[in-house]
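Novice: Listed here are the chains, written in short residue letters.
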Amino acid sequence: MLKKISNIGDCGIACDFGDEVSKKTNKEVIKLFNFIQDSVNNKKIKGILNYTPSYNKLIINFDLEEVRSQEIIEFIKDSDFSKIILSEKNKTVEMPICYDEEFALDIKRLEEKTKLSFKKIVNEHLNTDFFVYMIGFVPGQPFLGDLNKNLNHDRLDTPRVKIDKGSVGIVEKFCTIYTFESPGGWNIIGRTPLNLFNIDKKNSSLLSPGDTVKFKSLTKKELLSFKNE
Amino acid sequence: MSSFFKVLRPGINSTFQDLGRFGLQHLGIVASGCMDRLLYCNSNKLVGNNISEGALEFAYQGPLLELSGEKALVAISGNVNFKIQKKSGQTIVGKPNESFIVFNGDKIDILSTVKSVYGYFSIFGGFDLKIIKGSSSTLVKAKIGPNDGNKLKIEDKIFYKKSYSKENTKKIKFFFDSDNTIRVMKGLQFDYFSKKSQENFFSKEYKVTNLTDRMGMRLEGEKLENIVSKNIKSEGITKGSIQIPGDGKPIILLSDHPTIGGYPKIGNVITADYDKLVQKTPNTKIKFKLVDLTIAESAFREYVRKF
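Just so you know, the protein sequences line up as chains A and B, in that order. In this text, residue positions in the first sequence follow our numbering: the first is 1, and each later residue adds one. In this text, residue positions in the second sequence follow our numbering: the first is 1, and each later residue adds one.
Mixed in with the good hints there might be a few duds.
Ranges of calculated distance between the beta carbons of each label pair, as one might list FRET restraints [claimed, not checked]:
#1 A:K216 to B:I227: 58 to 66 Å
#2 B:F202 to A:G18: 25 to 33 Å
#3 B:S68 to A:E66: 52 to 60 Å
#4 B:E205 to A:D100: 48 to 56 Å
#5 A:E111 to B:D177: 40 to 48 Å
#6 B:D179 to A:K83: 43 to 51 Å
On the chain A side, residues computed to face chain B include the following (Cβ under 8 Å) [unchecked claim]:
#7 L2
#8 S6
#9 N7
#10 C11
#11 F33
#12 N61
#13 T128
#14 F131
#15 V138
#16 G145
#17 L194
#18 N198
#19 P209
I should point out that these hints are in silico values taken from the structure, not numbers from a laboratory. For each residue, glycine too, the CB sits at the ideal point set by N, CA and C.
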């Protein structure tokens, strides 16, 4: 439930859905996100520049020349966004992943820490229906959840300076996919050859907040011969 | 014959920018766009362009460009030191904030910004830039934008759309804002900081460090003590947010900021003071002043009148 709306500076607002990080909370955020996106596309409200969902908040940025925060706050308070049905807006994506040891940099450490076998870790990961909580930090990078409790693990003490594009990492109950080569502290368990981001495509990001991701195992050979559309 | 500027020296951080790329932050794409909106708009106005026409933004040292082709009406906005080297060998001291005509073989040498960081270079009719998702802004870290999303580099050719039509030079009065007070509204996690730190934040000076670029501005000064939690659940970021990581040193998030972040935010710079902020050079000492929404909105109305 929407708990509170606050100003962020003079051209932003934060819609806060509470402190809990759960699919239930995030689904409420995504409903408001979808509602704002539709309202912008159908020109029901003017001046909105960006709307960014995260685990438990939706941040809206607007053009102060066109609209003031009070108008947007009233527009949201008067709306019925919680009645939106998410399945009509969101999709399920099959995500190829290769767990070969060349790419699963942290799997040995995870085996030790979680006392689970490699096979068990992979099976848990493959059998999870991941929900896309949010996309961001850098273009197209998804934050997925929820991993089973027995796989929950902290971030690396010392982040890696360089993580290859396509690396799949886990931290706590979340899973992410690096869409650009970057530094990072997530436990890397595999690699996807699928391109998650292409600015030249109509839908630049393969995934959207609220989508579902199911991983599918590839051999190293299949990974190397994989062709993106 | 197609006309272009040849890049003989790229400058430190020269990128094409416009007002920004909007509506995509939920996919991790930050708006980017010009750092100093007023100067950017002025550079377009000086050559008679629409304000959404992409301009070349430069920082500290700008590029050295040689025109190859038809004469062009151009302008440089900002507190900028530059010269024009004529094909004849003559050198002319350039006048910023005033449009001028350059001819085939002329070189424009943008030497430096003076007591400021950013300046803009525009041409009548606009540069021939690839528009991506409605914008010609460049986000270097994700390689999004014209010039394949890169900064200018040596030997690049910058093509422009129209040749020069009629003589129509203009001047805009430039105002150098030496005031170092930046107005700030309370951030979402203002209450995470001790009373003492809240007071320090609005009374002590903070020094701009050289770890400052289009993504963010790192400051040094009295450390801010977080008494609640050093991390928050990652949430969407707004330009001008002042986040305080575990080390207690503020980072102000600027135009190319990450789209989400997990550090508590003590404040947000108001829109009317953003241009002034981004022009502060390393080692400048700035002070923050707490304002509320009413003051921020009226400051914005005043800011808009400058355009």
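Novice: Evaluate each hint against the coordinates.
Specialist: For each hint, the structure was consulted:
For K216 of chain A and I227 of chain B, the Cβ-Cβ distance of about 46 Å falls outside the hinted range of 58 to 66 Å, so the restraint is violated. For the hinted restraint 25 to 33 Å between F202 of chain B and G18 of chain A, the CB-CB distance of approximately 30 Å keeps it satisfied. The given range of 52 to 60 Å is broken by S68 of chain B and E66 of chain A, whose C-beta atoms sit roughly 41 Å from each other. Distance hint for E205 of chain B and D100 of chain A: a CB-CB separation of about 54 Å, consistent with the stated range 48 to 56 Å.
In this structure the hint that E111 of chain A and D177 of chain B lie 40 to 48 Å apart at CB is violated, the actual value being about 59 Å. Checked against the given bound of 43 to 51 Å, the beta carbons of D179 of chain B and K83 of chain A, roughly 50 Å apart, stay inside it. A cut of 8 Å between beta carbons decides the hint on L2 of chain A: the least distance to chain B is about 15 Å, and the hint is violated. For S6 of chain A, the interface hint holds, the least distance from its beta-carbon to any beta-carbon of chain B being 6 Å, beneath 8 Å.
A hinted interface residue such as N7 of chain A counts as satisfied when its beta carbon comes closer than 8 Å to some beta carbon of chain B; here the least separation is about 6 Å, so the hint holds. With a least beta-carbon distance of about 6 Å to chain B, the hint placing C11 of chain A at the interface is held under the 8 Å criterion. Among the interface hints, the one on F33 of chain A holds; its C-beta lies about 7 Å from the nearest C-beta in chain B, closer than the 8 Å criterion. Given hint, N61 of chain A at the interface with chain B, holds; its Cβ is 6 Å from that chain's nearest Cβ, closer than 8 Å.
Evaluation of the T128 of chain A hint against chain B yields a violated restraint, the C-beta minimum of about 20 Å exceeding 8 Å. Using the Cβ-Cβ criterion of 8 Å, the hint placing F131 of chain A at the interface with chain B is not satisfied: the shortest such distance is roughly 15 Å. Contact between V138 of chain A and chain B, as hinted, is supported at the beta carbon level, the nearest pair being about 6 Å apart and thus within 8 Å. A distance limit of 8 Å between C-beta atoms decides the matter here; for G145 of chain A the minimum to chain B is near 12 Å, and the interface restraint is violated.
A distance limit of 8 Å between C-beta atoms decides the matter here; for L194 of chain A the minimum to chain B is near 16 Å, and the interface restraint is violated. A least Cβ separation of about 11 Å between N198 of chain A and chain B goes past the 8 Å threshold, and the interface hint is therefore violated. The criterion of a C-beta within 8 Å of any C-beta in chain B is met by P209 of chain A, whose closest approach is roughly 6 Å, and the hint holds.
Comparing the model with each earlier hint shows violations of hints 1, 3, 5, 7, 13, 14, 16, 17 and 18; every other hint is respected.
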